[in-house]
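Engineer: Given the coordinates of chain D, assemble chain R onto it according to the supplied hints.
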Amino acid sequence: MSNSELFTSSIAKKYVMALTGLFLISFLVIHCTINALIFVNDSGETFNAAAHFMSHNIVVRILEVGLFFGLVLHMVQSLILTVANKKARPVQYAVVPGNSSSKWYSRSMGILGSLLLLFLVVHMANFWVPTKQAVFAGEEHNTFEAMKVVFAEWYFVLIYMVGVGSLAYHLMHGFQSAFQTLGINHKKYTPMIKAIGFWFSILVPAIFAAMPIAMHLGLIK
Amino acid sequence: MSGNMNLTLKVWRQKNAEKKGELVTYPVSNISPDMSFLEMFDVLNEQLITENKEPVAFDHDCREGICGMCSMHINGRAHGPKDAVTTCQLHMRSFSDGDTIVVEPWRAAAFPVIKDLVVDRSAFDRIISKGGYISVNTGNAQDANNLPIPKIDADKSFEAAACIGCGACVATCKNGSAMLFVSAKVSQLALLPQGQAEAKQRVISMVNQMDEEGFGSCTNTGACEVECPKGISLENIARLNREFTLASILEEK
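Top line first, the protein sequences correspond to chains D and R. 0 is the number of the first residue of the first sequence in numbering that gives the first Met the number 0; add one for each residue after it. 0 is the number of the first residue of the second sequence in numbering that gives the first Met the number 0; add one for each residue after it.
Extracted from the complex, chain D is given alone in its bound form:
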């Protein structure tokens, strides 16, 4: 035995899911905080300044590469696990347990994650790609104005609602599940972790959801 099970066992694979998941959650905190600056309602002056810092600071640039790898690892590992888990039950039940013993979203992390991925493609095409193009061309990208243009379209607002909705349910299970996978389960702390996870899963997506809605309705100018 050469400690290989540290990387190959089913528990190790779940550790990767939990660690990358928590890393992606930490990104959400930053992303949500910076974007919430549009609510200052100063024609995006504060928000654009923060966006400029995020797209030019070297530390943030390095973290962005890490974020990309974290996301890819989270997706690839989940695919590997899903394939193995499907193999573990080749014949399905005629009558399935349904919601009698578990929450639907805890059983639908793959579907919710796939919805999130589809949303991410649209989201990055909307904002990430134009920002990068501007940075490479040495121009200043007015992200605030770009948001106004995108969110003027009702279908983009709808896509974003589906995106943050999937995020909410993905987090609702994922946040507390990550701690359990890492072996953190304690009478004192687990109820706290679950409560924080619950409110995080509601608050962060709600703040994100408020952005396209507020812009579409012209509440933020």
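Heads up, a few of these hints could be off.
[Unchecked claim] Derived pair list, reagent style DSBU-like, types lysine-lysine, alpha-carbon separation capped at 35 Å:
1) 85(D) with 19(R)
2) 81(R) with 18(R)
3) 52(R) with 12(D)
[To be verified] One side of the interface only, derived from the structure: several residues of chain D facing chain R at Cβ under 8 Å:
4) 4
5) 5
6) 9
7) 64
8) 65
9) 84
10) 92
11) 100
12) 105
Just so you know, the hints here were simulated from the structure itself, not pulled from any lab data. All C-beta atoms, glycine included, are put in the ideal place defined by N, C-alpha and C.
Structural biologist: Then chain R, alone, in the frame of chain D:
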């Protein structure tokens, strides 16, 4: 007698491991609400024998909730609609006259169907043989008070030891994961001083065997804890994760 029920059973029939199986419908009548679910199956089998048909093969042994043999997936739930019971402890009063009841075997790649409702759960035995024990010399047992054990640890170990290896956790898990079973078998020893000597090797070997048998991974839906007839807690799975990670980092072999 009044209050007796007429039911429609849809039972999984499969001749052997190789043959394809199917759900077959059987009507049963005059079923007393005081019968256990297995006794109702005895009635069905009597009926089939009189009709010169092959009786339904199903596992059962103690019929008092401690052997873990009665692996039946009833109406989509392991051991039927009640929580914290085995099939023998499920009574027909949990059903009503005219009900249709679907009975299937445990479904998992690691638990192949042998016949009808009987599955091969020897994968669990192979996991246990990889370290689900402590090595002790024969002879007189030492005085119990030589090893002080905090009450809380003793209780948790006892609760984990209540696992009867019935496989309901695997049967109900959407991934066919055996994590609740393995975590109980690791925890009952990891919580006690007697279990420490072999702790690292135990958890690594048992988890490796679990993976080898083709059980899925744990995604923390919590369904196993709900269906477990002995109320084994998810806390054990967190302990297994901890024990496993530390052991695989620290083990020098």
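Engineer: Could you tell me which of the numbered hints above are not met by this structure, giving the numbers in increasing order?
Structural biologist: 3, 7 and 8
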